[in-house]
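Two chains, two separate frames, one set of hints: put the complex together.
Residue numbers (this note's numbering), protein chains in the order written: chain A, 1 to 288; chain B, 1 to 261.
For the record, the hints were derived by calculation from the structure and aren't laboratory data.
Fair warning: this is a prediction, and the values are worked out from it, not measured in the lab.
Where hints are given, some of them may not hold.
Calculated lysine to aspartate or glutamate pairs in the DMTMM-like style (CA-CA distance at most 25 angstroms, straight line) [stated by the list, open to error]:
no.	chain 1	residue 1	chain 2	residue 2
1	A	Lys189	B	Glu165
2	A	Lys189	B	Asp80
3	A	Lys189	B	Glu8
4	A	Lys201	B	Glu89
5	A	Lys201	B	Glu115
6	A	Lys189	B	Glu107
7	A	Lys201	B	Asp75
8	A	Lys189	B	Glu60
9	A	Lys201	B	Glu76
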Amino acid sequence: MNRILPVLAVLAAILALWYVAVMPMNAGWTVAQAERAGQELTFLDIVADTMNQDRPRLPAPHQVAAELKKTVLDTKVTSKRSLVFHGWITLQSTLWGFALGTVVGIGMAVLIVYSRTANMSLMPWAVISQTIPIVAIAPMIIVVLATLGVEGRTVPKAIISAYLCFFPVLVSMVKGLRSPGPMQIDLMKTYSASAGQTFWKLRLPASVPYLFTSLKVGIAAALVGTIVGELPTGAIQGLGARILIGDQFGNPLMIWSALIAAACLAAALVSIVAALQSLALQRMGYAR
Amino acid sequence: MSQAVAIEAKNLDLTFETGDGSIQALRDVTLGIGKGEFVSFIGPSGCGKTTFLRVVAGLERPTGGEVRVNGMSPDEARRDRAYGYVFQEAGLYPWRTIAGNVRLPLEIMGYSRSEMADRVNRVLELVELSGFENKHPWQLSGGMQQRASIARALAFDADILLMDEPFGALDEIVRDHLNEQLLGLWDHTGKTIGFVTHSIPEAVYLSTRIVVMSPRPGRITDIIDNPLPRERPLDIRDTPEFLEVAQRVRKGLRAGQSYED
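The following block holds chain B by itself, in its conformation from the complex (with noise of 0.2 angstroms):
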């Protein structure tokens, strides 16, 4: 792993002001992410993780701290096109056909007419998707279409790729697809990642570390390096090693748990 830092937080605070008070999302949160890596973000509903991605990419402003992103601030990162972002939802849009919505990001950045449709060819064959260029994106599977939103965020050529719980609303068959899938695209591409999650397995077959979070107030209770090798079949999920590893998480949620509710 190569020494370059990628993300660089470093006692990081965000409150949320509220009707009924103020909420502490996230609480001295220090964390360096090197650069090739891909970090996984788990914890229950409220413990920040998502929170954390959203201040990286600049969409949300920390009270407190500071975070860099290939030594830069949020907003210059992202002028910088130093991110693509993986929302949830794959959030295509249904008046664009499937590379309409990949070239999406590429008109607004001003790209040329021929260089649009190198990308727009490139990045679909990357998330096999070639052929379903004139489609709509109610033509397609959700996991096809979750996978025409990983291309859109990979169609500018950032080098960190944050995703927000990408596969959360997909059945789970088509889940281990997809995450072997990324982990293809991850290992030939040689891309940061930051990967939120709810699933224990998802974020020991994925990363290189896991970071695991607890709510009120949102903080990292517990950072797991991963020693699973880069080259991992889904049958590594039935390894004693891999089941060491998701023991460690499991107990790292617990751990960060409070029991005055």
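If we strip away everything but chain A, and leave its shape as in the complex, we get (with noise of 0.2 angstroms):
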């Protein structure tokens, strides 16, 4: 209780916020209508039309919570409508892309840690690939895979994805990789120990912690590349298509429905990785 205590209220404050916001954002099409009908509104009337408005610009929290319910519970989860099958395709994507970003990430990680020259040469390469704008990417992805005669949109989207990914876990695996201090490093050399012996036992283990940190950050990472990928592509499924075509057809209560269940959805990962890393760090003895 103690741990969702100030979560709820944070999120209390949130949804006060946003109620307050729906007013002024929606009065002026309601006033609009009104002039043009002759009609004179209270105020009370303008709050409560503004709250039920069928295309807001910004809908108010019970409307998103009807529209999530129609979407999520209230469809089969294999209809094109259904907020679930989206998120779904969005999943599957961010999944691939995760593991292929981690995978990378880890390799170019070794590779960085234990070669000079891939350190000098690799290193501000992908500190530089951080800062393209991952949108203006995205398309030629798809046309080179395209070309290449890779067909549908999830492996694509996955690289994309992965993209977004690698970097963090490449950041954290070379700090962890590096993390054994001489003294380490000195003690496998009173072993005669191979590099292979001081890898295995020691700077893979020894980065862990690093790893499962990195994960955290990964997973998410690899959920908003999914969804980026999905906007300039011409996808029509997946959470960034729902947002996209919702933007197209000027219907904000599926671009927010789309965003809070992919916020939902990120929560969701982030919170597994989590709980695979507390399990891990428990068994590995780190935890105390």
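Pasting the structure below:
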């Protein structure tokens, strides 16, 4: 309870702010409609109307909740109108991208730690890669993959997702693999340990706490990457596609419900990684 | 004391090149350590006592002179598992249990599973840590951790033990206890021990010989034979004989000090 209470307090504050913002955001349309019809509106009329417009600039929380109930609970999950269906599409790419990004991140970290050349050549490019707007390269990745004969959108989205996800893993793993101090390295030397033994018995286990911390950032980045990957590529399935379609057809409820669904998905993914983290660290004996 | 030589250094020089000039860590160090001796190295920071131990272990390369360990070069001796090294920090792996930490060198050296279990049990008994096999390092006190690290250095039966201020970070009561234990361990294993310390009482209490060193450049200024008997209860430190040796060490340290700075 002690841990949930602060979270709930913040949630309540956000909802309150949200409700307060709904009236001024939507009042313009209400007032314009009333003027055209020659009606006089009281303040309460305006408030009531702004809370229940069909196409509000800013939908009220209860409208989003109703939309979520409709698209998550009341629709069959196999339907193209179900957010569960679209969430599943996004989740698949996210997990593929997460796996790919993690493998690439760890692999590059090992190269960088063991090779001076890789350290000097790869690291700057890894940093530069993150300064390029992902929206700019996403279409190129799709075009290139289509030319190579890759069908469907799962692979290109996963690659875009991995593009965002690998970086935190890389940075943390470089730090983690380098975390053993000179004394630890000397100790291995006094045993005449091979480079492989030093890696498997010292550097790799020492980097595990760093790895999990970066995986929590990485999985959230992978989800963002997938959603961004769905935006400029003309996808019609996935949470990103819902946001795009909602935008194009002027349906804010669709945008907001997809947004909330994405946030919940991210929270769930990060929580799962966090649970795995505490489990793994406990089993390794780090926990006290 | 047997005549066989465990460690022999001849005219050892070591100069570190650093960003702002070179530092002479060792100059003309010549020393023989017989098998079964307990030799302490004492001196202020920067006198090269740790560097000497690292050269013997092959962790540093001398720029002049020669070291032989059991008649071999330091690298050969290391491959021959001639020595175990104990650092100032216990440096146990937090992800391994105490038994797992002691097993580490055995795994690297490729001992069989049953041989590993036997040895781990034996050395943990030797440092009085039986029953702590499955604890993780954070569950042990600093003194117990250091004992586990000594067990780790003993696990593969090296006949030389190189110890770099192993008790430097511990409080005095724990230190006394460990000194007593170490002396007992040395007595019934017959190992050759090279022991770096800052503490005069520790050096006098433990050693058969005390090497006094001084800095800039790091060199040996005095080598003192300790006349105390092998049997040493802790209260030997209050006897006139003990205080006399301590006096000599102190004098040696003072004589080695340069007054330039």
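Results for each hint:
This hinted pair checks out: lysine 189 (chain A) and glutamate 165 (chain B) have alpha carbons roughly 19 angstroms apart, not beyond 25 angstroms. A C-alpha spacing of about 13 angstroms is found between lysine 189 (chain A) and aspartate 80 (chain B), which places the hinted pair at or below 25 angstroms, so the restraint holds. With a C-alpha separation of about 21 angstroms, the suggested pair lysine 189 (chain A) and glutamate 8 (chain B) falls inside the 25 angstroms cut-off, and the hint holds. At most 25 angstroms may separate the alpha-carbon atoms for a hinted pair to count; lysine 201 (chain A) and glutamate 89 (chain B) meet this at roughly 19 angstroms.
Under the criterion of a C-alpha separation no larger than 25 angstroms, the hint pairing lysine 201 (chain A) with glutamate 115 (chain B) is consistent with the structure, at around 20 angstroms. Under the criterion of a C-alpha separation no larger than 25 angstroms, the hint pairing lysine 189 (chain A) with glutamate 107 (chain B) is consistent with the structure, at around 14 angstroms. The hinted pair formed by lysine 201 (chain A) and aspartate 75 (chain B) meets the criterion: a straight-line CA distance of about 22 angstroms does not exceed 25 angstroms. Taking the CA atoms of lysine 189 (chain A) and glutamate 60 (chain B), the gap is about 11 angstroms. The hint holds against a cut of 25 angstroms.
Note on lysine 201 (chain A) and glutamate 76 (chain B): the hinted pairing holds, with a Cα-Cα distance of about 23 angstroms set against a maximum of 25 angstroms.
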